[in-house]
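Asker: Listed below, chain by chain, are the residues.
Number of protein chains: 4
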Amino acid sequence: MIIILKPHATDEQIQHVVERVESLGLQAHLSRGSYRTIVGVIGDEAKLHVTPLKAIAGVAEVIPVLPAYKLASVEAQREPTIVDVGGVQVGGGHLAMIAGPCAIEGAERLDIIATAVKKAGANILRGGAFKPRTSPYAYQGMGEEGLKILRDIGDKHGMPVVTEVMDTRRVEMVAEYTDMIQVGARNMQNFSLLTEVGQTGRPVLLKRGMSATVQDLLMSAEYILSQGNPHVVLCERGVKGFDPATRNLFDVAAVPCIKGLSHLPIIVDPSHATGRPDLIPPCALAGVAAGADGVHIEVHNQPEDAMSDGPQALLPEQYAKIAAQISDLAKLLGKEISPLPGVHA
Amino acid sequence: MIIILKPHATDEQIQHVVERVESLGLQAHLSRGSYRTIVGVIGDEAKLHVTPLKAIAGVAEVIPVLPAYKLASVEAQREPTIVDVGGVQVGGGHLAMIAGPCAIEGAERLDIIATAVKKAGANILRGGAFKPRTSPYAYQGMGEEGLKILRDIGDKHGMPVVTEVMDTRRVEMVAEYTDMIQVGARNMQNFSLLTEVGQTGRPVLLKRGMSATVQDLLMSAEYILSQGNPHVVLCERGVKGFDPATRNLFDVAAVPCIKGLSHLPIIVDPSHATGRPDLIPPCALAGVAAGADGVHIEVHNQPEDAMSDGPQALLPEQYAKIAAQISDLAKLLGKEISPLPGVHA
Amino acid sequence: MIIILKPHATDEQIQHVVERVESLGLQAHLSRGSYRTIVGVIGDEAKLHVTPLKAIAGVAEVIPVLPAYKLASVEAQREPTIVDVGGVQVGGGHLAMIAGPCAIEGAERLDIIATAVKKAGANILRGGAFKPRTSPYAYQGMGEEGLKILRDIGDKHGMPVVTEVMDTRRVEMVAEYTDMIQVGARNMQNFSLLTEVGQTGRPVLLKRGMSATVQDLLMSAEYILSQGNPHVVLCERGVKGFDPATRNLFDVAAVPCIKGLSHLPIIVDPSHATGRPDLIPPCALAGVAAGADGVHIEVHNQPEDAMSDGPQALLPEQYAKIAAQISDLAKLLGKEISPLPGVHA
Amino acid sequence: MIIILKPHATDEQIQHVVERVESLGLQAHLSRGSYRTIVGVIGDEAKLHVTPLKAIAGVAEVIPVLPAYKLASVEAQREPTIVDVGGVQVGGGHLAMIAGPCAIEGAERLDIIATAVKKAGANILRGGAFKPRTSPYAYQGMGEEGLKILRDIGDKHGMPVVTEVMDTRRVEMVAEYTDMIQVGARNMQNFSLLTEVGQTGRPVLLKRGMSATVQDLLMSAEYILSQGNPHVVLCERGVKGFDPATRNLFDVAAVPCIKGLSHLPIIVDPSHATGRPDLIPPCALAGVAAGADGVHIEVHNQPEDAMSDGPQALLPEQYAKIAAQISDLAKLLGKEISPLPGVHA
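Chains as they are written, first to last, in this note's numbering: chain A, 1 to 345; chain B, 1 to 345; chain C, 1 to 345; chain D, 1 to 345.
Warning: the hint list may mix true and false statements.
Pairs count within a copy or across copies, as identical chains cannot be separated in the list.
As the list claims (entries may be wrong) - Straight-line alpha carbon distances no greater than 35 Å define the calculated DSBU-like cross-link-like pairs of lysine-lysine that follow:
no.	residue 1	residue 2
1	Lys-156	Lys-70
2	Lys-321	Lys-335
3	Lys-119	Lys-156
4	Lys-70	Lys-119
5	Lys-331	Lys-321
6	Lys-148	Lys-6
7	Lys-6	Lys-331
8	Lys-148	Lys-335
9	Lys-54	Lys-119
10	Lys-118	Lys-148
11	Lys-148	Lys-47
12	Lys-156	Lys-118
13	Lys-321	Lys-54
14	Lys-47	Lys-335
15	Lys-70	Lys-118
16	Lys-6	Lys-335
17	Lys-54	Lys-6
18	Lys-156	Lys-331
19	Lys-47	Lys-331
20	Lys-156	Lys-6
21	Lys-118	Lys-54
22	Lys-70	Lys-6
23	Lys-118	Lys-335
Source of the hints: derived by calculation from the structure; they are not laboratory data.
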């Protein structure tokens, strides 16, 4: 950690900073310049993270040199984590192809969609039972009834399933029915929820918040990891931008950026990132080209009747086309779409 | 609602759109231009909000003319809402002065701070018992023990109290101890939590999310209002920006913008908006000048020992100075800082 | 164009709007709802663009249905434009590979770099003679001397050359020495400069401004096109974002978004978009996967001695590796890197 | 300056960094931690600004401790600069009230508007003769004819005048006719233009770019100052934000932030910051409350006939009202609106 003092910091102030650092069992190295004094601190930086040194008179800036996350960092683990989602591997060259409708709307419709996406190459089935809707008057999801349908259809097709949980009181129930629990963008910093899903030990799909930095995302992953649950898959799904041309701004550079900082797999969600069916296929390819460990796409057979987010869903035939392109691109990159459990690649 | 068709939409597509609109019991007015056809829809727009018209082939854009919030809108109520927080009025010319430490750290320290801010003119005491920390290794708050201390110190000084709740399972407990429940920026779209605090009937301080639009904020207020709880105070506390010069970007224009859309009171929080003690006083004044119904400021008597957010806290003497300036400015604007319950202005 | 009136607009106000519309030779279609009145306008929308209807009392919103650019739009031209840059085709499946140092620093060094990038597959040589530096004390470029060197080295290797112009007074000189003129991000809305480069008739590389929307970029292209110069290549090079993890936010979705709106070629510049050598290769691939018509990358043989932007330059061997990957990806997508003039693919 | 090395930097790499630092005549202080090594550099940091140390193998981060601007900094001058604009003082407690139409549309109309704003308290008359329009088809301004009108009407009312220049070739002409030259937001990083206006010696109104950080703005001011022209007034006019509720995001905190970094006066422009007449008065007051040295507001007597930006103009009577409120607020803050030349306060 580096402490930069203000231009006119007094000797007493500098001395006080040094004493605070040493009182924590750390060493302080002073560099006195003509304009400013800098204090380099050597020792366990974690002790300093919890001490508000910046509030000390005369201190201008406190710059950490260690990231605040530990378990999520490449320093903690050099090899990439491979998360096993009900028999489907995600990470380390194995691509997740998560597909399905925004909301579960009934067994028959989900069955139709699951049949189509499985045939196209999807390996994890998604569907929302609890929907985070900006309007209290919008469709809120089928609840536990939906979870049962998702489990049944997943089992019928031999596909692992993932669904979102929004409430700490529902985590246990969702964990019971599914192979992977999704924490949505709006709850990425719902720290109670992160702690709770961490305690289930189930694989977690952690979506990046709309205004979360890469560091924020890794800190939220750290919450889950610190509960003893190492099965975390990150997901870039677009951040807030100033251009109304797309719903969100797809931050594709976050994929290789995170690969350099963390061993955790990261997938992309071009459906939410762009909000436009015409942009989903090119952005899905872009994500895989940038190194993503999978792609999350919403698919619906009758978008104009969908209970939620119909306008951004791909049709099954559109999904089949992009899935084939992703498969080709994966081979070019020396990767592969993970086979379903019991199926050999 | 206005439906704009794509430049080359076919007659069948246009006809299909008209049929969908009429099947909902609404009227469709067609304007056929040389380049595009537009459909104006007359009737209860709410029926359309839940229908994914944009997913229909040939539709380019669907533009609502009614806001999606109802209870929060000026159309629902012309006069400004005045929220009563334990006897302190907020809104309609009555300013809230919410002050206190970021985290409750013990009864003695809270007592010292409460004494100081009350003397300076604060009328609601704040303090966190459950802290939303980006790091799982950071101080997480005193929990229920902290709530008891907050209640005791508030009662001792005759000040209503406000604290944040983060978990649906703690809402009842927090409501029991406090006069106002805060929903923090990171939970602004935690819809389960919004529903739960709505059901308590307690006044709610709803902070704007870091990437929430004004419309998003009002939709989250609508969640609370739709549970039958009209006691909502909004809070602008800075949004994400690109300039590292300040912690967040203080969106002061959101204050008059919201005044034009909603009857709910809105206060400002320059502490979180700027993250810098030197910017808090000018931004507090700016907020009041722009029409805010109050100011939320973190105050600590020993920032360098604070358990949380010490570097952004004002010292009691700094708070006293800005509180006096706010009082003068309020008078210039024909407003006043609300007196404490039992005290006459 | 659609004019939405305010909820309580009076009959006189509505009448006044209709009269203004009709006075321009256009038709007004009224849709009176219970809540709001909407006026659909039929006729030449351009007449309305220059009339401040929104300033009329009672008008809430004016929504254009036609884009404000014409020559740049897919409506004006269905087939993709292919720009010829000194014999190298850009667009329509032909990829530009623009490479070279940030600044021209001397003939010998440029020769070394040109030799390397040509061998790797680059087809256009870049180098700055006039540098837009944020600091007046930083290296400002070699000026005309640099232009001569660029021309000489380009000729020696049979490569067309591109360089940036910043000042209307230098446009003629730059056009004389180069095959393509670059307008940098900071000058994307320097309308005098756009007009001037439009008048040269030379191919223009128009970089997207850091806070420019897709529509802003196309409007700036329209400035050039409206001067009778159809040879415009757009360039996505990152926009301002809130995350300090990368220098800018690489908006890869802008590539397919623009492909849907305009016939102009668009390339990507991952060097400026990310500012980090480790992120340039994955983002270059992502751009091509998303449909870009080329890639602009800064290359330097001795980054630590570079006069400008050394830290973000790729080494020649790094460039060779990514260029080979781009070539493979292009083939997968049914495209190809354009051969140099006189060379057959 | 502080150089942070990568976690696994080798001894050779560290040694190489130290040698580079020392070869520039500076001292390097090494702090070797268990995780990282830090090099504190003592001496003239300017030498390092032009050396790409970050490109050296093993270097993770280079952190300057001195701002890159010098002449603009509070270190260069402690007392606030007071700029004299044709006899009107701006800065140091003296407020500029710049008002007038967006574009000059003729002598008669400008005379009417000038009469009104002067009566209301404005002390500098504005009007655009060269308009930076996003569309090449929009009204581009009256050119030199407009400059003459502006000068004449200013003289008639005894008001200094300000207008925007966009092209280096017009700087001399604009300087001849006006008391203050405006550099618009879109040209804030048009470094050729900055250099040129710097050489005129005329007061410059430098507007903040839509994606410019506070540091970027001060660096652009430095360009002007470094030409020997100390008469720079900065202007906050809103930056790009994600919320379509307002045209731009009014960054009111930039005002006190800049006051802490620079001696230059800074005013606010709520017209462009918000783009909405109803938000201009509250944001004007907010700006002054935050410490601004003046307010720039567009006023038009017939907004619905304005050639440019009519919808965001205040009517003269609206301007008179907010000007009176600003005057009252200024007094509360111990400031005053500057009197016109020859008039005593």
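Asker: Where does the structure disagree with the numbered hints, that is, which hint numbers, in rising order?
Answerer: 1, 4, 6, 14, 15, 19, 20
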